[in-house]
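Protein sequences, first through last, are from chains A, B, C, D and E. Take the first sequence: its letters are residues 1 to 252, numbered as in this note's numbering. Take the second sequence: its letters are residues 1001 to 1228, numbered as in this note's numbering. Take the third sequence: its letters are residues 2001 to 2366, numbered as in this note's numbering. Take the fourth sequence: its letters are residues 3001 to 3305, numbered as in this note's numbering. Take the fifth sequence: its letters are residues 4001 to 4314, numbered as in this note's numbering.
Treat each hint with caution, since some may be false.
Have a look at the derived ranges for each label pair, beta carbon to beta carbon [claimed, not checked]:
#1 A/Ala145 to E/Asp4159: 45 to 53 Å
#2 D/Gly3148 to A/Asp21: 49 to 57 Å
#3 D/Ile3131 to C/Lys2258: 22 to 30 Å
#4 D/Glu3125 to C/Glu2262: 29 to 37 Å
Straight-line alpha carbon distances no greater than 30 Å define the calculated BS3-like cross-link-like pairs of lysine-lysine that follow [as the list claims (entries may be wrong)]:
#5 C/Lys2337 to C/Lys2258
#6 B/Lys1125 to D/Lys3189
#7 A/Lys17 to B/Lys1003
From the structure, some residues in chain D lie toward chain E, with a derived Cβ separation under 10 Å [what the hints assert, rightly or not]:
#8 Arg3086
#9 Ala3098
#10 Val3106
#11 Val3279
These aren't lab readings, by the way, just hints derived from the structure by calculation. Ideal placement from N, C-alpha and C gives every residue a C-beta, glycine not left out.
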Amino acid sequence: MNILEVRGLRKAYGALKVTDDLDLTVREGTLHAIIGPNGAGKSTLIAQLSGQAGSDAGSVRFAGAEMMGQPMHRRVRAGMSRSFQITSILPGFTALENVAVAVQARAGHSFSFFAPVAGEAALNEAAMEALARVGIQDRAHVRAASLSHGEKRQLELAIALATRPRLLLLDEPLAGTSGQEAERLIGVMRALKGSLTLVLIEHDMDAVFALADRISVLVYGRIIATGSPAEIRGDPQVRAAYLGEETAGEEP
Amino acid sequence: MLKVEALQAAYGESRVLFDINLHVDRGEVVTLMGRNGMGKTTTVRTIFGLLRARGGWVQVDGTDLTNAAPHRIARAGLGLVPEGRQVFPTLDVRENLVAMARPGAWTMPRVLELFPRLGERLGHKGNQLSGGEQQMLAIGRALMTNPRLLVLDEATEGLAPLIRDEIWACLGALKAQGESILIIDKNVDALGRLADRHVVIEKGRTVWTGDSRALRDSPEITERFLHV
Amino acid sequence: QDDDTLTIGLLLTLSGPSAVLGEMARDGFQLAAEEIGDIGGMTTRIIVVDDELKPDVATNKARELVQRNGADIVVGPIFSNIMGAIAKPVVDSGAILISPNAGPSVFAGAECHRNIFATSYQNDQMHEVMGAYAQAQGFDNVFLLAPNYQAGKDALAGFRHSYEGGVAGEIFTQLGQLDYSAELAQIAAMQPDAVFAFMPGGMGVNLVRQYRQAGLETIPFLSAFTVDESTLPAQQDAAVSFLGGSNWAPDLDTPENKAFVEAYEAKFNQVPAVYAMQAYDAARLIDAAVREAGGVADRDALIAALEQAPFTSVRGDFSFGPNHFPIQDFYLTEVVKREDGKFATSIVEKIFEDYQDSYVGDCQMD
Amino acid sequence: MTSLFLLQLLNGVQFGILLFLIAAGLTLVFGIMDFVNLAHGVIYMVGAYLAVSFTQMTGSYGLGLLLTLPATLLIGLVLELLVFRRLYDRPHLDQVLATFGLVMIVTEGVQIIWGAAPLSVAMPEALSGSIPLIGQMRYPVFRLVVIGAGLATALGLYLIIGHTRIGMRLRAGATSRAMVSALGVDIHKLFTVIFAFGAMLAGFAGAMVAPILTVDPGMGEQVLILAFVVIVIGGIGSVRGAFAGALLVGIVDTMGRSFGPILLRLVMEPAAAGQAGRVLAPMLVYILMAAILAARPTGLFGQKT
Amino acid sequence: MSRLMTRRNAALLLFSGFALLPFVATMLGDSYLVVIATRILGFAIAALALDLILGYGGMVSFGHAAYVGIGAYSVAILSRAGITDLGAHLLAGIAGAVLFALVTGAISLRTRGIYFIMITLAFAQMAFFFFVSLSAYGGDDGVTLRARSTLLGRPLLEDDRTLYYVTLAILVALYLLAVAITRSRFGRVLTGARENPVRMQAIGFSPFRYQLTAFVISGAMASVAGVMLANQTGFVSPAFMNWHVSGELVVMVVLGGIGNLLGAVAGATIALLLEEWLGLLTEHWRLLFGLILVVIVLASRDGVSGLFRRRDRP
Ligand SMILES: Nc1ncnc2c1ncn2[C@@H]1O[C@H](COP(=O)(O)OP(=O)(O)OP(=O)(O)O)[C@@H](O)[C@H]1O
Ligand SMILES: Nc1ncnc2c1ncn2[C@@H]1O[C@H](COP(=O)(O)OP(=O)(O)OP(=O)(O)O)[C@@H](O)[C@H]1O
Ligand SMILES: [Mg+2]
Ligand SMILES: [Mg+2]
């Protein structure tokens, strides 16, 4: 079953067509990677899908329901979550609170004015779990602003996970994480596959080829190729536009 | 060119750097490696005077510049590509490039030749660029100051493989011209080919230094400190 | 409270753009106090307080004066909106309130009080003077200009009270307006017989100078509280020959006035305005009444003494009506440049003789 | 009627340019450097007072004006070194608190030095006339001079901010001070110089208006809010915006005052129209600002983020 | 945890100080102390209201005087209509404030930062000028209240001390309420929306609803301050709505330390006490006051409360 169906999506900044009549289908339970050169419109696509940015035309159907025109928070509640390429966290909150508030969003009842939230075990436990999953549980009580860049990237993913989405849109989750952390995050994504659907944007080709069930290549707002990792790797057009000979040649 | 010894630094009460030692000679490419949160960026910030050194010292060309004003350090010949891009959001691409430029071999046409994508976006504001475009701009901006020592903190984050390859090539060319480079990056393979020496830090201390061959020959180092 | 000290609180606006009025009143009062020595023959304590032209601050300052400092008499305020705020706390404590300037209609009429006196005038009267003058001149096309606040509305109403001719236009400008080009353009286009303006303080300075700069001086400029000794140092030549209505001018010919103006100018190196004069009179009124009543302990006696106005005002003829507001003469004044180079208003003619305000009928004093 | 309309339009433009002149220094310090400077108004006031004193001392308005410029520059320099430079990296509200304190100090200081009574500068003889405009209406020459000064300031600022490296560095420094210095520019010095320059612009405005407006201890506060309104309507960070905002405020205010009641009379009883006009007139500028911000939350020329 | 305890202790100390003040006044024979302290409590309520949205929601309202004014006018208007009960006055003030906050808040919340400051100022100015032209209630001259509000049908508040204690009780209650709100789930969302609204949307919140709710609560609280201040002053005029008052409230909050509800109370207390005390020292007290403000800002990053905290910055 297709959990996400995008038809005829468009967006332009002035004369610049960033998303140009784009079609995309993502099957439930798979990891669908989107790759493409810098400035191709990948992040913009995610912004459009998540509702952060408006679209000029087109349709976005998520689990059978039309999402076009819905604000971002409604789409999240419907089960679509995202992470940001340029880290977007609550800097004054601790890492734990960052995640706990995401758990709270899913739990509802946020118009409760009296009970202190800091002591709510259910929220904190779920949050801790998400932190542990990305490997920064020992940084739980550090102010997010004081985390190192890589740790922030890990937190970014933990927040997205904590909303318990059906479809997770990840914008370069591995950027800024070094060896061991990257390995761990790749492991997390692999484990998630199946229980939920992932759309992954990444410039780390090792990770993409290791994880993706399908890959779409986005260039200048258009998808020029979609296929299995092997098909994409062999596509000369993709090599020329994005991969370059060397990277494409390397076998994992 | 650059010499850092026994450097210590802290954010408020929490100490981050305890004992950092490294040096970059003229025409040398040195990498700074370590896992997330080990203090690489903090080292760079302290070298540039953006964070106060609580101990140790920083020398550029034999002059002590420990805790000097950042602009003095930059004027001594250091150019920074900071972590997280930090392009000027309200300036357009052209202004980002020329605002801080100093005369030298790197000029606007040359930067645009390296990053043709930027040429197509000259009128865009910094915050209207894609992540990768911002990264290119940050590198271009640092090159335009024509530094003798270029410091790159995760400068290839978010760049497409093709572009990344070009940057490695460009750094190679710089090195060939006798310029020095201090680089933090997670692409250890590519660095291994480019770099002369590697400095590994762990919890704010320099724990290993050696050349590429030594690194390749001692997998336990990469295993223990970098986990790759 | 000690029975043989007389505590007087001066509650005036001493900060902000209108501070000059309060300062003049303070100086006038203190000048009289120095001349007199022990006011009413009692040890005198004078406490000067700034109301900041904020009603809520003023109320508290008034309470502080009567509750903490035990003031027997409070002299103030300058501005009518402050009067409403301080009257109740002052009279509730049994103290006497003497206004050296503000004269809002409610206190002359419906809410008059036996503990409240004014040595000044009822606000409308100054405007009525100009209305009567315009009427007498046979003007039939007068342009009216005032800031859009209560006193401005009262001003134009006061003018119309004694002026029955036509009105070319009526504009309420913004409080604190800087630029009057638009209004002046309208006036220039209409060419009225005269302009009547109520523009106190800095607004008056702006208006008068811009009026002159726009070349409108051929149209007679009638005003109240717009050209007086507090604004003339800034208006200078621009205001010369502009007309105003007043209960006094520095050149009013009485011996007491001569002495007052001379002493004031010598001491403060500026020409006094009505505010100084009215406060000066207030001090002398207090002095005479306290002597008459033989102290301040017996408030009934003190009030009775005050009602007699047992002093010689620098204005000459002066008495209180049943509402404790003055019955006095009003004049048309004109701005002149004196021989010493200073600017002052000067009396042109007497418009009203022994004039009483029109609210006195509403006053039911028990 | 049409000639009056045109004249009022001119008056509106004139008032707008006057506002821009007053807001110019603030555009630089608040709009570009992103420093909330409530003290701008009082520096403008000090400029006017200095112009009064210098004019009296030298007997010439021109000399008075010329002396005011370096004097306010110096004041700006001193303030920057003593206070402002410690506040650039602080939250806006800290800047509000500190500059609020400065406002109190300077206002009181001015009263101590010059007294509370309004002062003024005599119009220089050569500029005191008026020239014929339409029909028998005339226009004061000095107003034209003020318009000229305002336009020149606008153009100068526009060029400096938008088209010089100084301007670029300044805009860059507003968002990323650390980065600017790490790339080799002495941001401290730059900010000091520009801040002092901004103070000088405020002083210039004060000296320019002294012959037409009253010089009193309230003059700074009065225009401060208006200056902020102008910049916010235009969009923070844009000289063009501030200029457009100033013109808009000037025109709407002037036209609203002169023709608002006439318009209201078309839809209401005359008495009610008069009443409504009186209620609405002082609100006009604020209604304008609220409406513009409701429609464009970052002002006319502001950055959308 | 220890931070919380000290916060609680500080609150206890401050409020019991206030509770004891009338006895001190009696001992000193200075009944005026109670008068001025009531005024301080009134402003403390308003500052507390502002800090709730400013400190926790990042909404710098430069128009909170409008709500104080709405509360004050509800006393004036109802009293004239013959309704003198304090409860009725409070309810009317709150109702008016809620309405005004809903409408203006919904529009203002489209903007952020300085723009928000200016648009809230704009709305407050509109309210100000509306009351200035309200001739029925004296325009800008205002109206004198014949008597204070009644409590249980009796003129209990005429006694300065009773008024003082009622105001204090209201302040303490509102303080506790505000503390509870900031620690609740709602409070966390509110703070999150201040930190990063886009992130909050991306985890499924619509910041607008939370911010508007907080804005309305704060407006209602400020109107309570207005009701009490009107009673304290015995006089109601548009001056309560003057932008100066909004500015002073912001100054109080920042002076006390932003996002620290007790700081707001302390800020109001310190600002008004300084004003009183310096006023006694010299006619030019403003000069000193300004100097003190500048020095405090330069010395501490967190208002007065920062002065007492151990420095943890380089
Ligand atoms: N602004 C800050 N305030 C307090 N602590 C900080 C701050 N920035 C970083 N730290 C802490 O300092 C330590 C070192 O951080 P640094 O950014 O130097 O790491 P890094 O090696 O560059 O990591 P990464 O690879 O993730 O960028 C981390 O533990 C981090 O939490
Ligand atoms: N707000 C904006 N206004 C104008 N142009 C914009 C804006 N945001 C993005 N763009 C442009 O749209 C294009 C697509 O940007 P996007 O961020 O989607 O690229 P991307 O594929 O994610 O690239 P990267 O791999 O570098 O992150 C870029 O060229 C960028 O300059
Ligand atoms: Mg992207
Ligand atoms: Mg780093």
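request  = Go through the hint on D/Val3106 and say holds or violated, using the shortest Cβ distance to chain E against 10 Å.
outcome  = holds (8 Å)
request  = Starting from A/Lys17, check that the Cα of B/Lys1003 is at most 30 Å away, please.
outcome  = violated (48 Å)
ask   = Is the distance from the Cβ of A/Ala145 to the Cβ of E/Asp4159 consistent with 45 to 53 Å?
value = holds (52 Å)
message = Taking the Cβ atom of D/Ile3131 and the Cβ atom of C/Lys2258, is their distance within the range 22 to 30 Å?
response = violated (47 Å)
query = Can D/Arg3086 be said to touch chain E, with a Cβ gap under 10 Å?
reply = holds (6 Å)
inquiry  = Against the 30 Å threshold, does the CA-CA distance of C/Lys2337 and C/Lys2258 hold or violate the hint?
reply    = Between C/Lys2337 and C/Lys2258 the Cα gap is close to 18 Å, so the pair holds against 30 Å.
query = Does the Cβ pair D/Gly3148, A/Asp21 satisfy 49 to 57 Å?
reply = Roughly 54 Å apart at Cβ, these two residues keep to the hinted range, so it holds.
Interface hint compliance - D/Ala3098 to chain E, C-beta minimum distance less than 10 Å = Holds - the Cβ of D/Ala3098 comes within 10 Å of chain E, reaching about 4 Å at its closest.
ask   = Is the shortest C-beta separation between D/Val3279 and chain E less than 10 Å?
value = holds (4 Å)
query = Has the given pair, B/Lys1125 with D/Lys3189, been kept, meaning a C-alpha gap of at most 30 Å?
reply = Status holds; Cα separation ~26 Å.
message = Just to be sure I understand the hint, the distance between the Cβ atoms of D/Glu3125 and C/Glu2262 should be within 29 to 37 Å; is that true here?
response = holds (34 Å)
Of the hints listed earlier, those the structure fails to meet are numbers 3, 7, in rising order.
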